[in-house]
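From first to last, the protein sequence lines stand for chains A and B. Just so we're aligned, residue 1 is where the first sequence starts under this note's numbering, counting upward by one. Just so we're aligned, residue 1001 is where the second sequence starts under this note's numbering, counting upward by one.
Note that these hints are calculated values from the structure, not bench results. Quantities reported herein were computed from a predicted structural model and do not represent experimental measurements. Worth double-checking, as some hints may not be accurate.
[To be verified] Label-pair distances were calculated between CB atoms; the ranges are:
#, chain 1, residue 1, chain 2, residue 2, range
1, A, Glu197, B, Asp1196, 46 to 52 Å
2, A, Pro153, B, Asp1196, 20 to 26 Å
3, B, Ala1121, A, Asp232, 28 to 34 Å
[To be verified] A few chain B positions that, by computed beta-carbon distances, are all more than 12 Å from chain A:
#, residue
4, Ala1049
5, Val1090
6, Leu1111
7, Pro1127
8, Arg1158
9, Ala1217
[Stated by the list, open to error] Which chain B residues face chain A? A few, computed with CB under 8 Å, are given here:
#, residue
10, Ala1013
11, Glu1018
12, Val1020
13, Thr1021
14, Pro1043
15, Phe1046
16, Ala1052
17, Pro1137
18, Leu1145
We put the CB at the ideal spot given by N, CA and C, even for glycine.
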Amino acid sequence: MLDVIASGPLLTVQDLGRAAARRYGVPVGGAMDRFALVAANRLVGNPPGAAALEITAGGAELLVNAPALVAVTGADLGARCNDRLLPLWTAVRVGRGERIRFTGRSREWGARAYLAMAGGIAVPAVLGSRATDLASGFGGLAGRPLRPGDRLPTGPPPPLVELGLGRYWPPAARPPYSPLPTLRLLHGPHSASFAPEALELLTTRNWRVGATSNRMGYRLEGPPLAAMRPFDVPSLGVVPGVIQVPPDGAPILLMADAQTTGGYPVIGTVIGADLPLAAQLLPGDALRLVLATLEEALAAHRTLMALLARPLDADEGDLLAAMAGEGPQR
Amino acid sequence: MTLAWSFTPLGEAALLAEAVTADHDAANRAALAAAAALEAAPPPGFIAATPAIASLLVCFDPLVTGHAAMMAVVRALLEDPPPLREQGRVVMIPVTYGGEAGPDLDDVAALLGITPGEVIAAHTAGPFRVMMIGFAPGFPYIGPLPARLRVPRRATPRAAVPPGSVALAAGLTGIYPARLPGGWHLIGRTSLRLFDAAAEPVALLAPGDLVQFVADA
């Protein structure tokens, strides 16, 4: 079990979401950085889609109630276990009574860290997922962000889990996280309805993530994108990654908690392989967009999936570092 | 008559089919029928279908299938839709019209140049079809409405609309399942629960259902 001592701006239970619940109008939801979530689960021997904690921007603190194998992946949010640095992307043993806390962004990039524990967070599944649906208030723990005083049940650890102690996920096997990521974009269904300069503008300048951005979507701040003429589209199905352009011309990049349908024209879709990069942005951060082909999108997806499926070997150096709790912060 | 459809990838794992027609009713029927057929006999890699007003989005696992294979299946279903099983399902929705429950009823009547009673009569004349579920869990887009009930969205959306509100806009009628921001005209309210994550199924209505509104006495 884990006790929440502090939650920071947003602390939630997330997994890979509920794709099949789209038919009820329920967002897919789940981890913003799905790569980091799956990597954290693999490091501690969990199934890829086990529920873990998504820590946003830092400020969270958790009390460990029983010895456990844990892994923190995603952003470097200054994770510490008691007074020592917690090695990131590494399976680490934590003891009863120890406190894991996240001080805040510790590099030029990073928004969301994932804390997986062997056995997973064992809140009840709703519609096949333990992810927290913040908009509708279900899933996770009581359908809401975690707050101090919450106690999180954890499942029984997988057998032989201790064999994984010290497992490490090297930087070369991670997405190319960056303070100014370049997100690849496919043409949207309504690209041609925008002024020719709109797509050029979208793909040549830096865009800033707006202050009102959240898990549903990012408002991209820059010059407005002009349509050829005012036009309406009948509401249509959308997915995370879609860039919608409302009448004010300010694009919205849909993220994990995006509604299943939208009524604004779609100028393009960010490829799935680059969504983990987008997930690591906070309001005020910038991103670039470039056009890509479907073939590039598929190749990038296969590459990322192959990285996630890579065999894991315990490395002695990492093992020692993890046991001592003094490994280099990676 | 065969409708024409245009296909666009929404990323590597989804394919959007949009009808190239102003006949949203026919396009929606084809999308509903195709979605039902995909769910009844899922092709390899199929994850979910989202039928909408005049489109169909199909999500799939790109490690198992691809846009070309999925497009072949979806195009065949859309261009020659299997008969849409109306499921024999007509859902009665009791509505308290006007007053506090439907603060925009008089405005809608004025916009349409008819009396509030005539708005209620037209709205309960149905049944109308659930064309899609979207915007929020369990939110049905119901229509298409006859011309005499067509109003645009409100000029100023409300920050919060009470759950159960029955609303009109854009040639459609809808029901707010939860407290949500909304730009539709509120003409009444139902006490039925449209979405409950703990229920089975979680949504009262499904695409393709027929809805019959009934005025509370």
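Violated hints, by number in ascending order, as checked against the structure:
4, 12, 13, 14, 15 and 18
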